[in-house]
Structures are given as C-alpha cells and as structure tokens.
Amino acid sequence: MKRTSTAKLILGIVAFALVAAACGDGDSTDGPTTTAASPERGASGRIEVSGSSTVEPITALVAEDFAAANPGVGISVEGPGTGDGFARFCAGETDVSDASRAIRDSEVEECAANGIPFFELHIATDGLSVLTSPENDAVSCLDFNDLYALLGPESEGFDTWADADAIAAELGAGNAPYPDAPLVVTAPGEESGTYDTFVEFVIEDIAGERGQEEATRADYEASGNDNVIVNGISANPTSLGWVGFAFFAENADVLKAIDIDGGDGCVTPTAETIASFQYPLSRPLFIYVNTDKAAAKPELAAFIDFYLSDGGLASVSEAGYVELPAADIDDTRAAWDGR
Amino acid sequence: MATTTAPHSAADLVARSLRQRGRDLRGTALSFVLLVALLTSLGILLTLIADVVSGGIGVLTGRGWSFVSEPLSPTAAKAGLVQGIFGSLGLTVFVIVVAFPIGLGAAIYLEEYAPDTRLTRLIDANIRNLAGVPSIVYGLLGLAIFVKLADGFTGGRTLVSGGLTLAVLVLPIMIITSAEAIRAVPSGIRQASYGVGATRWETIRHHVLPVALPAILTGTVLTVARAFGESAPLLLAGAVLSSFFASPAGVSLWQQVTEEKYTALPIIVFNWARQPQKEFVELTAAAIIVLLGLLLTVNAAAILLRDRLERR
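Chains A and B, in that order, give the protein sequences.
FYI, the numbering for the first sequence is 1456 to 1794, going by this note's numbering.
FYI, the numbering for the second sequence is 149 to 460, going by this note's numbering.
Everything labelled a hint here was simulated from the structure, so no lab data went into it.
Think of the CB as a built atom: it goes at the ideal place given N, C-alpha and C, for glycine as much as any other residue.
Possibly wrong hints are sitting among the right ones.
[To be verified] Here are the computed distance ranges between Cβ atoms for each label pair: (1) B:A185 with A:G1627: 53 to 63 Å; (2) B:T188 with A:E1548: 45 to 55 Å; (3) B:G210 with A:G1666: 53 to 63 Å; (4) A:G1627 with B:I197: 52 to 62 Å; (5) B:T188 with A:F1574: 57 to 67 Å.
[Claimed, not checked] With a straight-line Cα cutoff of 16 Å, these simulated EDC-like cross-link-like pairs (lysine to aspartate or glutamate) come out: (6) A:K1748 with A:E1611; (7) A:K1711 with A:D1592; (8) B:K296 with B:E407; (9) B:K226 with B:E407; (10) B:K226 with A:E1575; (11) A:K1752 with A:E1548; (12) A:K1711 with A:E1590; (13) A:K1748 with A:E1548; (14) B:K296 with A:E1548; (15) B:K426 with A:E1705; (16) B:K426 with A:D1708; (17) A:K1748 with A:D1765; (18) B:K426 with A:E1773; (19) B:K226 with A:D1520; (20) B:K226 with B:E430.
Isolated chain A (complex conformation):
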C-alpha cells in the first residue's frame, strides 16, 4: 500500500511531464516545422536580427516572407530598442541591427573595438508626429521654439498651455500666446529612441543656447508602450505628446497631428512630406549589416537581397511607414551591391 503511493507520485509526475512534452511535440510539428525538409529547399542556416522596436515590424514582415520561401533558414527578429540592438550587434551576437537613428560615435567605437565591420542601409522614413486631441481647435501649428516652451526642461511644472507664454515670448515662438487650457503631456519615456530623436531634433539646440539640460521636462506621463501614449493623448481635449508616424496613421480617427514649422512654414506630416524630408521631424530608418557575416553566410546575403527587392521594401508601407523615393532606394541598393 505505502509503496504504491510513492510509485504513484513518481509515475504521476513523469506522466504529467510526458503529456506536456507530447503536447509540445504535437504543437511544434503543427507549427513552424510542418514544411518538412524538402530536397530543393533554398538557403539554410540562421539569421539573427535585433534592434529598434520601431523598425521591427518592417523587418519582421520581410523575414516572414523570406522564411516562407526558405524554410531551411531559422530567423528571429527582435525589437528591444536601437541602443540595446547595437550593444548586441557590436558584440557580434547579431547579424543585422535595426535602427531608428544613425549609429552613434560611441557605438562605432564599440564595434571597432570588437572587430565588427558593418555598413548602413537606409530602408524607410518615419516622421515624429506631435499630437493632440481632435477637439483641440486652438492649436494647429507649432515651431521648435513653441515645442521647447511647452515641453523643454524649463517647462517643468506648467499645468496649462498659457503657462508657457513667458518663455515663448522670450524665444520669439511663432504661435504664442497659447490657450489657457490644461496641458496634459503623454509621450515616450527616456529609454525610447523616439524620445532621443525628439530631444535631438527639437530640444538640443535651444537648450544648449540657453544653458539648459538637453532633455524634455520630466513631469509628464511617460510610457514605453506607444498605444498607451495614443490613449493618453486622445483621452484629453487639450493634450500634447508625440509618437512615430505609424502609430498616428493607425489612430488618425482619435488624434490630431499638429503641423510643424521648421523655419519654412507649417508642414503637415503625410507620407509625401515625410518621404521628402520637407516635414521637419522626418527621420531615416536604417538596418545595419555585419559585413563579415554577410560575406560568410550566403543565407544572410540572400536575406538582404530580398529585403532590398521591391517585394521586400513593400513591407515598409505595410508596416505603416513611409517608403523611400526611387532615387534613395537606388542609393541603398548601390551601397549593398558595393559592399
């Protein structure tokens, strides 16, 4: 009697483990491995991509199509962020790094120190969209001075738009005075590449001149999840914030994009104005490829070939970003062919 109880326990645990493992087995054969090794499958091997969460959807779409055509290739696309991506890329852990900004000098040095040669491919364009609620009729265009007055380091503690009038007057901002309405800011947190880009484009120069810290105000609702930001902006009639263009385009019914004046008049963010860089907050999106690995791994070269083909680059608009003009695509392809 007592013997059986121990035996039963062990049996039970083993059975449980086996059932779970068997389920797993079934799942895995149902899933990615159903297309069993066919004799004339294309390339084989592994490709690892990491980097910007902004660029991830584009690369993931390309990778999905590539994997469907080349079932022998294992491929993963991650999006922890541009900086994290470069850290792994320059340690030689990944083959390709997605980036929502150009590589920094410190990262170039890191790659060089580890003997990782790379090259840069410009694959798409994004526009930082400065947003408010569609109910906000009072504000339709802002210039960099306005944005600095409302969001810069000196705006800390401003609860209404009108609080920024004094700084705006000092700077000669084009669209002051502002409405006397609550200023509720929801925007990306400091860990985000989208935050970095905003500081770099809008805040850096003015803050430098005024001897201020090159950062935004700290007292706003920060989130790493762009959908949370979209909800925060749409929920308040006099809100303010910024996200990547794809998130605005997907939620255009509940958001209003504020035109941006970079010195040449107000420009609305649209696919055209972003692609031509006429929109002042346009930013290029890149992939960085490890040159040595591209030479050593035919499957990686095949992947980049496919990425830069018309079929591959169609993923850019599918993911909600702005495709490059034909001339820029030719430049990118030339950069790849001349590697």
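Given the structure of chain A, go ahead and fit chain B onto it with the hints provided.
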C-alpha cells in the same frame, strides 16, 4: 457596548448572547465589512476577466483553432500562438522536473535530517529571503550563468536556459511550501513509526511523505502557476520578444529545446500590447484568454493528481 469591560465568564457570555439575540451589531457590521472586502476583490477580478473576454472573444471565435496552431506573424490576421504555447509548456516541464525533486529533497533534509543549529536556522532564513528576491534578479542570474557561462550545455538563448532560470526562481518557494507541509505532519506519526522499529528513512517514506504529499502538491501547483506567468526573467534569459521568428524546417524536438530560440505566452502578450495596429489589441486580449485557459488546465491536472493521491 457597555458590558465589554466586565469580566467575561462563560456564563456571562452565554447569558448576554441570549438576552441580546439578533442584536449583535458589531458582529453584523464586521461581517458586512468582510463581505465588502470579498466583493471588492471579486469585482476587480471579474471586471478584468470580463474586459479581456469581451476584447478577445471575437478573435477566438473568428479565427478558431488557427489562432492557437499558427506561428507568430507581424500580420495580425495570421498571427498565432503555437510557439508561445510550446514554450510555456516546455518551461513548465522544466520547472517540475528540475525544481520539484531538488526542492522536495532540500525540504526533507531541512525538516527531518538537519540538526537544529544556528547554521540550519541561518540557511532557513536565507531561503525565505531568496523567495522574496524580485524575479528580474533571477533573470540576470539566468543571463549570466545559463545563457552566457554555460552556453555549451544550455545552447545559449534556448528553452533550457529559460527553464533552468525559472526552476531556480521557484526553488525557494518550493522548498518553503514543502518544508511547511512536512512540518505539519503530527510528530505522533513519526514516534509511532519509530516505536515499532522503523528506520528514519522508512518513517519518512512510508508515513511522513504520504501525509504531507497533498500539501506539497498544493505548493507545487502555486509554484507552477507563478512560473507560468513570469515574463521579466525570461526576457533576460533569452526568450524572443518578437513579432516573428522561425526555426529551420525539420528540426527535432530535442533540437527545438536545446538549440532553437523560444518564447512564452506572457512574452507574446507583452509584445502584442505594444504593436501599432488595432487588430493586435484584440489579439492581446485573446492571447490572455488562452494563457489563462492553459494555466487553469495545468493547475486542474495537478489538482486532479493531488486528489487521487489524497484519496489513496
């Protein structure tokens, strides 16, 4: 009430409760407060479930089985959970196979064999502290040891690394719950066993463990549930946070576990919740339903097993 300061003999209490029948105001008030507490927690839970189900049920009915059987995809209409389900179940197996025997063994030693010295008490206190260490710290440990240091054995960012990380994470909880279950066995049972000449091992195996087993398994169920919902340590221990990844065609289950990348359901939920397309909001809710369903299934299986053992 005025009589509270008076000495409470049993006769007084009985007499008072008979006199004041139906007028126990404090008791009534307290039971009301307790009921409110219960309803609040239930209400929050139900709101959460109702919100998730109303958001995700459309995907489950619309997509049906394909939502569970398809791999990840950046296209919402095609995206499925099979890789996450495989990963989560695989991690569960690791937690049970690795943490259960080690945890139970450590608990038996601590309770039945270890002398009650200062060192033993120090170890005991340390295990309790370890159980309170934030899970992200175990993730760092997993990254440093299983992913980097032992990558020859674990294969780097594989299910083995993730499984071992979670096993280490739940080990202290496993030891504590098992030790408490063993401690709760009346010492009379042990003494009776020794009295008829049984050895210490015979006593533990035939008398202590069978009595403690249901409580030990209850602890195991809770532990597995904890491991099932973890995402932070897995992110560090190499789980793929991604809209798309694929293993090469034709890999065996063994290779899938020891060489290929993996993900888990909570990671997929996290990833989908940050996608720009609105369809992914529904997919996120649907994935949460699947996660809850799977967790309930795993727990139910463990509870059934426990009840069978209890009825023995």
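Structure-based check of all given hints:
no. : hint                            : result
1   : B:A185 with A:G1627: 53 to 63 Å : 59 Å, holds
2   : B:T188 with A:E1548: 45 to 55 Å : 48 Å, holds
3   : B:G210 with A:G1666: 53 to 63 Å : 58 Å, holds
4   : A:G1627 with B:I197: 52 to 62 Å : 55 Å, holds
5   : B:T188 with A:F1574: 57 to 67 Å : 59 Å, holds
6   : A:K1748 with A:E1611            : 47 Å, violated
7   : A:K1711 with A:D1592            : 10 Å, holds
8   : B:K296 with B:E407              : 14 Å, holds
9   : B:K226 with B:E407              : 26 Å, violated
10  : B:K226 with A:E1575             : 31 Å, violated
11  : A:K1752 with A:E1548            : 14 Å, holds
12  : A:K1711 with A:E1590            : 8 Å, holds
13  : A:K1748 with A:E1548            : 11 Å, holds
14  : B:K296 with A:E1548             : 12 Å, holds
15  : B:K426 with A:E1705             : 7 Å, holds
16  : B:K426 with A:D1708             : 12 Å, holds
17  : A:K1748 with A:D1765            : 24 Å, violated
18  : B:K426 with A:E1773             : 14 Å, holds
19  : B:K226 with A:D1520             : 12 Å, holds
20  : B:K226 with B:E430              : 13 Å, holds
Comparing the model with each numbered hint stated earlier shows that hints 6, 9, 10 and 17 do not hold.
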